[in-house]
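Student: What follows is the residue order along each chain.
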Amino acid sequence: MLTAVKNQTRITALSIKYALMREMLNKATFTSNVVFMVLNNASFIIQWVVLFSIRDNIGGYTLKQVLLLWGLAAMTYGVSRFFFAKAFSLSNIINNGKLDSFLVQPKNVLISAITTDVSPSALGDILYGYIILFIYGFSFGTFFLYTLFGILGGLIVTAISVILNSLSFWFQKTDVIAETGNNLMTNFATYPDGIFKGAVKLLLYTLVPVGIATYLPIQVLTEFNLVKLLIVLGFTIIIVLLAFLVFYKGLKRYSSSNLMIARI
Amino acid sequence: MKKYIFIFKSELMSNLQYTFNIFVGFIGYLIMLFILFNLYRYLYSDSSEIINGYTMNQMVWYVIFTEILWSVSGGRKFCSKISEDVRGGNIAYNINKPYSYIGYSLASHLGEMFIKAIVYTILAMIMGYLFLGMFPSLSILEILALILISFIAIVISSLLVICIGLLSFRIEDSSPIYWLYSKLILIFGTIFPIEYFPKAIQPILNYSPVYVTTYGPARLFVNFNLDTFLNILLFQLIYLILAYLLCALMYKKGVKNLNVNGG
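Each protein sequence line maps, in turn, to chains A and B. In case it helps, the working numbering puts the first sequence at residues 33 to 296. In case it helps, the working numbering puts the second sequence at residues -16 to 246.
Derived from the structure by calculation, the hints contain no laboratory data. Among the hints, a few may not be true.
As the list claims (entries may be wrong) - Derived DSS-like pairs: lysine-lysine, alpha-carbon spacing no greater than 25 Å straight-line:
id: 1; chain 1: A; residue 1: 59; chain 2: A; residue 2: 205
id: 2; chain 1: B; residue 1: 80; chain 2: B; residue 2: 166
id: 3; chain 1: A; residue 1: 130; chain 2: B; residue 2: 80
id: 4; chain 1: A; residue 1: 59; chain 2: B; residue 2: 64
id: 5; chain 1: A; residue 1: 59; chain 2: B; residue 2: 60
As the list claims (entries may be wrong) - If the Cβ cut is set under 8 Å, some of the chain A residues that face chain B in the computed set are:
id: 6; residue: 90
id: 7; residue: 215
id: 8; residue: 216
id: 9; residue: 228
id: 10; residue: 230
Each residue gets a CB set at the ideal place from its N, CA and C atoms; glycine is no exception.
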């Protein structure tokens, strides 16, 4: 069991490494993707400076806390899009019968399928996340927690995308639903939860778990709370397991289209 | 002109097949609107409060309108398409065709966005009414003037996106430039009106694409004024000509250096 996990991890790391090397073939494009993504994210600082010129406190957040929220949201987005880029176009792979090449490999089909590509701009998101952490206030404890939450959040977002994209095994045109679900997570994650009330707030901690991926971590980073940390950790494990379950349940319905493709 | 109308119509007809996608896509728009509605409800202590010259109702309608223009422009996919045409060599197929590539791209994009514009406008107006319980007061003539201004705004946005996409002749991937451009339009004209920014930068924004593509039409929607209308129309016509000339120049220069391998 341990050897299998070790082998899978090694294969996944190699897959990501080669995908990154492929993207780095054109260094100018690669660098501009990363740098412009940092600038793209940074442009939203203007939005919050304008809003905080009206009120000192928005939804219980100060400007620094909102920046941290943005930084963590960018980290989460970056981790999911960099390491598991294909999880966001999985329905396309399923619909076009491109899973064949992964099925013949003696490795985990889902992990192999979603780690074959990387998004260079997602590195800009991760970099931006750390820049924001330095602006907020760096300490080794915060750095560790921030990185942990970035990874956990990334896993949550990826798992949700896998679940939504796996609907393609059962229904048609689910790519739009998956895209809407992914946008939903990103959009809510960049606004303080204090501006939402009642049922919406409940929704953000259940059906659209932005609260667990982003809001709870911000609360832990502001004031450490072990219970909240364990909730985030537990939820991540459950949602990741659920993603595997849904994908493999759907995979039983998959039929090949005999599509001949070369994986370069 | 006839051929471009035909391209527009064919794209429109083909997109009628995908109305389901438009309705599902509207959910994304609705979510953004819902978030901004909550944000402004939080910022305004009561609906009669005026911040930077706007009441809460005006701010929400402003955002509803700018978000329609933003969503209907569909810039991200359009920019990728132009960029992909250049990088993938597809643009070569258009060189010997009896139409201009810019005219073809524009007509095809507008045809693709037409149904989306109608659906989004109707649904957004209903949502706005449900949120606020009122409509901005506009006469029939003012609505017609707004349709004209909004149409020109979308055409200018599309031409500017074509310009950015054509940058792929020089740099391989023009998407990063588009991200930055779109965020500047989003922040300086879509989420807030120009009046929300420091007085020192307001004159710059009044001459920028923000004025003709988002702020101007939305400003008219919440507070129609004939002088403002004529001013925006004048600026839009100038921008329209300049954006087209820039596209034509970039295309002409880019095609000269085009080197397509294979076929």
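Student: Next, verify each hint and record whether it holds.
Tutor: So, going through the hints one by one against the coordinates:
1. A hinted pair counts as satisfied when its Cα atoms are at most 25 Å apart, and residue 59 of chain A with residue 205 of chain A does not qualify at roughly 36 Å.
2. Proximity of residue 80 of chain B to residue 166 of chain B is assessed by CA-CA distance (about 35 Å); at most 25 Å being required, the pair is judged violated.
3. For the given pair, residue 130 of chain A sits about 35 Å from residue 80 of chain B by alpha-carbon distance, which is inconsistent with the 25 Å threshold.
4. Between residue 59 of chain A and residue 64 of chain B the alpha-carbon distance is near 22 Å, which keeps this suggested pair within the 25 Å criterion.
5. Using a Cα cut-off of 25 Å, the hinted pair residue 59 of chain A and residue 60 of chain B holds, with the two alpha carbons roughly 24 Å apart.
6. About 7 Å separates the beta-carbon of residue 90 of chain A from the nearest beta-carbon of chain B, less than 8 Å, and the hint is met.
7. Satisfaction of the interface hint for residue 215 of chain A is found here, the shortest Cβ-Cβ separation to chain B being roughly 5 Å, below the 8 Å cut-off.
8. The restraint placing residue 216 of chain A at the interface with chain B holds, with a minimum CB-CB distance near 6 Å, inside the 8 Å limit.
9. At about 6 Å, the closest approach between the beta carbon of residue 228 of chain A and any beta carbon in chain B falls short of 8 Å, and the interface hint on this residue holds.
10. For residue 230 of chain A, the interface hint is violated, the least distance from its beta-carbon to any beta-carbon of chain B being 11 Å, above 8 Å.
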